[in-house]
Amino acid sequence: MDTNFAQRRRRDLIVAACLAAIAALVPLFVKDVYVQNIMVLTLMYAALSQSWNILSGYCGQISLGHALYFGLGAYTTALLFTKFGVLPWFGMLGGGLISAIIAMALGYPCFRLRGHYFVIATIVIAETALLLFQNWDWAGAALGIDIPVRHDSWLTFQFTRSKLPYFYFALVLACIAWFVTWWLEDSKWGYWWRAVKDNPDAAESLGVVVFNSKMGAAAVSAFLTAVGGSFYAQFVSYIDPESVMGFQFSLLMALPAVLGGIGTLWGPVLGAVILIPLTELTRSFIGGSGRGVDLIVYGTLIVLISLARPEGLVGLFSRRRKEATR
Amino acid sequence: MTAETIIQSLASGLLMGLLYGLIAVGLALIFGLMDVVNFAHGEFLMIAMYATFFLFAFFAIDPLLAAPLVAAALFVFGAVVYLLVVRFAVRAKANAGMVQIFSTFGLAIVMRGLAQFFFTPDYRSIAHSWLGGKTISIHGIFLPVPQLVGALVSIAAFGALYFFINRTDFGRALEATREDAGAVALVGIDKNKVFALGWGLGAALVGLAGAVMAMFFYIYPDVGASFALIAYVTVALGGFGSVFGAFAGGIIVGLVEASTALLLPPSLKSVGIYAVYLLVVFIRPRGLFGSI
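So the sequences go chain by chain: S and G. Heads up, the first sequence is in my numbering, so the first residue is 8 and it goes up one at a time. Heads up, the second sequence is in my numbering, so the first residue is 154 and it goes up one at a time.
I should point out that these hints are in silico values taken from the structure, not numbers from a laboratory. These numbers were taken from a predicted model, which means no experiment stands behind them.
To list a few chain G residues with every Cβ distance to chain S over 10 angstroms, as calculated:
| no. | residue |
| --- | --- |
| 1 | Gln161 |
| 2 | Ala280 |
| 3 | His281 |
| 4 | Trp283 |
| 5 | Lys287 |
| 6 | Phe311 |
| 7 | Asp322 |
| 8 | Gly341 |
Facing chain G, from chain S, some residues (calculated, C-beta under 10 angstroms):
| no. | residue |
| --- | --- |
| 9 | Ala128 |
| 10 | Leu138 |
| 11 | Asn142 |
Think of the CB as a built atom: it goes at the ideal place given N, C-alpha and C, for glycine as much as any other residue.
Let's have the full structure, built from the sequences with the hints guiding it.
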C-alpha cells in the first residue's frame with residue numbers, strides 16, 4: 008500500500024522487538040514465583056488470543072469453540088508422552104498438525120453456515136469433543152492424564168525447580184503468534200480475509216476464493232492454538248477434559264482480543280496484558296472461596312468495553328496516532 | 154430394551170422437549186424481533202429458578218403460584234436489560250456482531266458471579282412443593298407430574314403467544330417492527346418501546362420455564378449454562394426467529410435426547426442433540442423453519 012502503511016508496519020516490528028526484549032529482561036528483576044506464574048499465563052493468553060484473532064478477527068468467522076484445538080494440542084502431547092514416550096516437542100508439532108487438519112475437515116461443512124448458525128456450530132462441536140474425551144477410557148476419561156515428571160530438561164520440556172523456562176517459551180510463542188499475524192496482515196491472505204469479513208458476497212464476485220481463505224485462516228489459527236495447548240499441558244503437568252477443552256477456554260481465548268481490539272495486530276497483546284493479571288489478582292485477593300467477585304469484575308469489564316469501545320482499547324492509541332500525523 | 158422402556162423414555166423426552174421449547178422461545182422471539190442473540194439467556198433461567206426458590210423458602214409460595222410472579226419479575230428484568238445494555242449494543246458501528254455477542258456474554262458472567270456471591274455455589278432444591286416428586290401412571294407408563302404440568306404450561310404459553318402475536322395491537326406492532334424498524338417510526342410506533350417490551354416478553358417466557366424447572370431440578374449459579382446451549386440448539390434447529398420453530402425444535406431436541414440416552418451411556422445424551430443440530434444445519438443452513 009502507501010508509504011504510510013509500510014512505515015507503520017516497520018514501526019510495529021521495531022516496537023514488537025523492543026517489547027519482547029524488555030519482557031525477556033523482566034524475570035531478572037521479578038523473582039516472585041506467583042508473579043512469574045501470572046506472566047507465563049499472560050504471555051500464553053496473548054499467543055492464544057492472537058491465534059483466535061486470525062480466524063475470528065481478521066477473517067470474521069467468530070469461533071467460540073477454540074477450546075477444541077487447545078485441548079487437542081494438550082492431549083496429543085500428553086498421550087504421546089505418557090503412552091509412547093514421544094518427546095513433547097514432537098507432540099507439539101503433531102498436535103498442531105492434527106488440529107489444523109481437523110479444523111479444515113470441520114471447516115468444510117461449517118463454513119457454509121453464517122452468523123449465529125456458525126457460532127453455535129463451533130460451540131456444539133467443541134462440547135461434543137469434550138463429552139467424547141470425558142468418556143474415552145484410554146485417554147483417562149474424565150479423570151484426565153497425570154504427566155509424570157522425568158527430569159528437568161529442555162529435552163522433555165519439564166521444569167520443576169523454576170518457572171523461567173516456561174516463561175521464555177511462552178514469550179517465544181507469543182512472539183511467533185504475533186509475527187505470523189504481522190506477516191499475514193500484508194500478504195494476499197490478509198487482504199482476502201478482510202474482504203471476506205467485510206462482505207463475503209462482494210469478495211466472491213471480485214474473485215477472492217472465500218472458501219479457501221476461510222480454510223487457510225482456520226488451519227493457521229488451529230495450529231497455533233494447539234501449540235499453546237501443548238505448552239499448557241507441559242506447564243501444569245496434569246490435564247483433564249474440562250480443564251483443557253471446557254467452554255471457558257474458548258471464551259478466555261477470545262476475550263483479550265475483544266478487550267484489546269478484534270482484528271487488530273496489537274489488540275490481543277494489549278488485552279491479555281490487562282485482562283489476565285486483573286483476573287488472577289482479583290481471584291486471589293478478593294475472589295477467595297469461590298465467591299464470584301472475579302467473575303463480576305471480569306464480566307462488567309467486558310460489558311463496558313464492548314459497549315463503550317467496540318473497536319477495542321487499541322482504538323485509543325490509533326486515534327492519538329492519527330492526530331499526531333495530521 | 155422392551156417396547157415399554159422405549160415408550161417410557163420417549164414420553165419423558167416429549168415432556169422435557171416441550172419444556173425446552175418454552176425455555177428457548179424467548180430467545181427465538183428476541184432474535185426474530187431484532188436479530189440479537191441473548192447469550193445471557195441461560196442466566197435469565199437461572200435467576201428465575203432462584204426467584205422461585207426464594208419465594209418458596211421465605212414466603213412458602215408454591216412454585217405453581219409463584220410462576221406468574223416470577224414471569225412478571227423477569228418481564229421487568231428483561232426490559233431493563235434491553236434499556237441498559239442491549240439498546241447500546243445494537244448501536245455499535247464497529248464490530249457490530251461481536252459487540253452483541255460479548256456484551257450479553259459479559260452480562261451472563263456478571264449474573265453468574267452475582268449469584269455465586271449472594272446465593273453461594275451450593276446446590277439448592279425445593280423440597281416439598283405440591284407437585285414435587287409425584288408421578289402418575291397411564292397404562293404402565295410413569296410420568297412425573299412436575300414435568301407433565303410443565304409441558305402443559307408450555308403448550309398453553311405457546312398458544313397464548315400465538316394469539317398475542319396475531320390478534321393484539323402490541324403483537325402487530327411487534328410483527329411490524331421486526332419487518333421494518335425504520336418504517337414503523339413513521340406511523341408513530343416507538344421502536345425502543347417495542348424492543349423493550351419484546352425483551353420483557355422473551356424474559357417472562359423463560360421466567361415461566363424457570364418456575365417450572367425449579368420444581369424438579371437443582372438450583373445453582375451455573376445451572377443456566379447447562380440449558381443455554383440446549384436453548385441455542387433448539388432455536389437454531391427450528392430456525393432463528395421462528396416461534397413455531399422453537400416449539401418444534403424443543404420437541405425434536407427432547408425426543409433425540411431421550412433416544413440417545415437409550416442407545417449411549419447417559420453421560421453422552423447431549424451428543425445426539427449436537428449431532429442432529431449439525432446434521433440439520435449442514436443440510437439446511439437456516440434451520441428447519443427459518444425463512445430469512
